[in-house]
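Assemble chain B onto chain A, guided by the hints.
Residue numbers (the numbering used here), protein chains in the order written: chain A, 1 to 591; chain B, 1 to 537.
In case anyone wonders, no lab produced these hints; they're calculated from the structure.
Glycine included, each C-beta is placed from N, C-alpha and C at the ideal position.
Mixed in with the good hints, there may be bad ones.
Short derived list, chain A residues pointing at chain B, Cβ under 7 Å [what the hints assert, rightly or not]: (1) Thr26; (2) Pro29; (3) Arg228; (4) Val236; (5) Pro468.
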Amino acid sequence: MPRPLTALLAATALVLTGCSGQLPTTSAPRAGLPVSQQSEREVDRLLPPAPPGAGPVEIVEGFLRASEGFAGDDDVSRSYLTSELASSWVPTASVLVYTGDAEITLVDEDEVSVELQVVGRVDADGRLTEQAPQSLTQTFDLTEVGGEARISTFPDDSGLWLSDTAFERSFRPTVLSYLNTQEDVFVPELRWLADSEGLPTAVTRAQLAPLPGYLEGAVSTAANESVRLATPAVPVDPSTLVATVNLQGATLAQDETRADGLSSQLAHSLLGLTSVAGVDVQASGQPLRLDGAEGPITATTELPYSDVDRQVSQVLLRVGEELTLVDPSQYALRDLDAPDDVDLPQVELRWTGLAATDGMDDLAAVSVDGTAFRRWRGERVYTNEGIGDGLSAPAVDPQGAFWVGGVHRSSQTPRVWVVDAAQLDSVARPVTADWLEDEDRVHMVSISPDGSRAALVVGPAQTDTEEPVVHRLLVSGIVRDSAGRPRELTAPLPVAAHLRDVTAAHWGAAGELVVVGQRQGDVEPQAFRLRLGGWLEHLGELPGLVDAVPVPRVTGVQVIARTQDGGVYVPEGQRGWQPVRNADQVVVPGG
Amino acid sequence: MLTWWRGSLRARVVTSTVLLGSLLAVLLGSLLYQQISRGLVEQAVDSAERDASQQVATAQRAFDSTDRRDDSGLRGLAEEQLQSMSGPSAADGRRALLLPALSNTSGVVERMSTGVAAEDIPPTLQEAIAQDPANQQVMVVPVPLGEEQEGVTSVVVGSRVSLLRAGPYDLVLVYPLLREQETLDLVRQLFLLGGLGLVALAVGLALLATRMVTRPVEEVAKASQEVAQGHLDERLPVVGNDEIAQLATSFNTMADSIQHQIRELRSLSQLQQRFVSDVSHELRTPLTTMRMAGDVLHASREDFAAPVARSAELLDQEMDRFEELLAELLEISRFDSGAATVERHEEDILPTVLAAVQGVEALAEKVGTVLRVHVPGERVEVCMDGRRVSRILRNLLTNAVEHGEGRPVDVTVACNAQVVAVSVRDHGIGLTEEQLHQVFDRFWRADPARTRTTGGTGLGLAIAQEDARVHGGWLQVGSRPGEGACFRLLLPRAHTHVIADPPPAVPSGPGADGGATAARDAQVPPVVLALATWEDD
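Okay, chain A solo, but in the shape it has when bound:
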């Protein structure tokens, strides 16, 4: 074969091996783009890890101190645990909050007991249950791991033990948002969640969880079992502070109402966090946009739902048979001139527990003996004596209906009735409350400003025994029918259960009550402010206190207290009270 032809064939063969039909590959890695998102997190709590050679007591003590940093990156608290326990430890599964110092005792060489003054517990969902300070002994088992003592078993499968101050530092009260069934307003629910970078994730997770039992039917949530986080994390862009919630849900993209509701709930809850300035809700990677909205939700005003905004600018004072209109914004509750359209009636002394609607055009009261119910509407008066006995003071709901608790005459069982606003002579309709025991007596009813929940003060029927009567405060959801009429009260949530006795409770805001009751050591009733799900806040000593009513104002809820002797007090300073007027009753319209 001629030489050029050979060379040509060789070249062709070389070329042909080049087009083998496969894409070209590389043999060694080469550097690509820079990895922009490096994990950059500062350690904000410098807690000591388990020191070498520490004894069991030091280990448990060190763990209790270091466990505060459970949510940090440099999670040193796990160094006190055996690796098995460290691997499975979920600190937020159950949190015990104690006050004072923990007393640590070496029971055995591998057992250490800790005595704590427990004041509250937080469950895995972040619900705080406050309790009266109570001593509790917790026993930790230890094991030697490589010559070092390590905690191997926690008592009662508990997760975390935090002093009240550490709890304040590492947990953040966070408001979840549910939806009112009647109006486009949010119903708040307070949770305590670990304050860390994972807070948005925890909030989202809690928000996507099913409704708490006492709210089932009373409020709604757009989340259900089919909706979940695509990734169990809600990342927040460090520069824009936009939290991205990537959801998975079969029908989410199709069901616009539900998508809007869910977006609103998530945005409202997440925007309540200081670390979040915007919320981008996505379904399977596609952004869920509210009507007319572009980009992430950055303000709650963009949402189709809003917070309950109830403000009262006038308060009624009852002195004898007279009703006076006063200005709660004025320090001394100065009198106001009654507007032309308001015609305040004379209320005879036999009527007590006066309640007024928002516009004060509808008033109601019960007779002193609790057998009759009277309504005033302008000049017209209607008395209903057939409802029942032992009627409680009426409460007004946002629809203008009056709620009364009492005892059914024939069966002597507790009842709660609703008198519709529509007609002056509307009949009192009983509301189903199966959970009320026969011997229970409803002493007080108050309806939340959004009309979705009722606070009830329930106590036992009057007995002849000398034992002191104990009243409980319960919060129950109101289930309404399609026309918005109350139908049922859900199985209630006991609130402020550590109060020895509750005499009065009024809703001040959508998530806040003003309660009059007695703690373990109190000799007489005290006024408290209670954020539902939060700690009870004492409003200061006021001897002879009988009632405290919240007045929702622009600046917050102001409390007006009334004493046995008819003194009307307003708060002064942190915990002081200042007498300003005298009255037999302070009536907040609409409350």
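Structure of chain B alone, referenced to chain A:
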């Protein structure tokens, strides 16, 4: 193969065109193909890098923002994150792999992957990430995906992520280049089809081009052959004025010129023949008169004085020679003009041979030559013109006796069913190679200086050869100097056949005794017979 290659211009042109065309197509195609595949991969790598950068940022943010720090929480997080990073369908889309960094021994989250096995990722990737964690590390390698055993070429992008207390991890994203491979396959198919089409086109073009060239060349060749065979009227059509037309014109001109020259020659030749014939005829009449006058002078020579009488004798002798010469010239001119007539009859050749021998016996006796005749025992019937055959033999015998140097002359008759051979062999001085070629030429004499005892004209052998030829036979000579010469007459026995090809050469005799040569002369040489196509038939 080589003969095939050399045998056809068309085959050569088409094969070369196809080979070169295919080579060019393959070279160009593979170059383009490589460019395309490289471009596809580069594009895919580019988009993979960008996507991976985004994915890793998302993953890192997700890892940083989890609310669970326990092992199962982290594991779940990593798992879900990996799940969310994987493509929507199993068939394509990216695959994700989370591997503990080489330095990470915490073991909190074990390695996990979606749709790709950790073993299929080259270990060099993790080493590269360990060395340069601030950048992505990119490779393009075949990665087996799912149940497919064969690796799918994929872009593999590895990046460092930090998974809280679990420590550093390498997040490897695998982007199978299925679509690019499909595109490449399509391109290859198109290239293949295009290449085949191109080659087919090249073949077609080559065929067309060679046809355009070779067809006229073939016509020229055919015409040349015709001309060579004597069809001088063959001409080529001239179309247009291209090279082919020029060739045709040249050919036609050449053919014209040849034809013209041949015609000229032929007419010249005819002129010459007529001239010879005319001269011979014209000379006859005065010669007859001169003859009669000569005869008278010769008859009355005794009445003249001795010198005059001698002159009359010489005149008579020369008159004989002149007559003979004239007769032979006329005979030759008859042959040349094709006017020679042959009257063949079936007769025995032996009496003719013997008569011829007898005719030269007197001359032989004069020079002391012995004539030895070898004939077969039976009759040898040959369809021949006895006069002509007799003339041939007489001529041959006279020559043999004249040049035999007094040595014996062998006359041998041999025959088979088709052919009869008459050999006349002398043992004289023989002929040289050059003389052998000239022996049948007209007016040629072996030795011009030789005394003309018998008065040969130099036309005898030419006439003898023509006589043999008109019988469809051959007159050949074989000789070597000093060994004598042998003239052999071969005649077909039937007038229906001619001896087509030249018969084998005549064997030269070894010596005066002639034993072996006589035996050889008694053999009829093998000849090729053909059916006669006499013009008068």
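Status of each hint after checking the structure:
Restraint check, A/Thr26 versus chain B: the minimum CB separation of about 5 Å is within 7 Å; hint holds. For A/Pro29, the shortest C-beta to C-beta distance to chain B is roughly 4 Å, which falls under 7 Å, so the interface hint holds. Checking A/Arg228 against chain B: minimum C-beta separation of about 9 Å lies over 7 Å; hint violated. Against a cut-off of 7 Å between C-beta atoms, the interface hint on A/Val236 holds, since the closest Cβ of chain B lies about 6 Å away.
Interface restraint check for A/Pro468: the shortest CB-CB distance to chain B comes to about 44 Å, outside 7 Å, so the restraint is violated.
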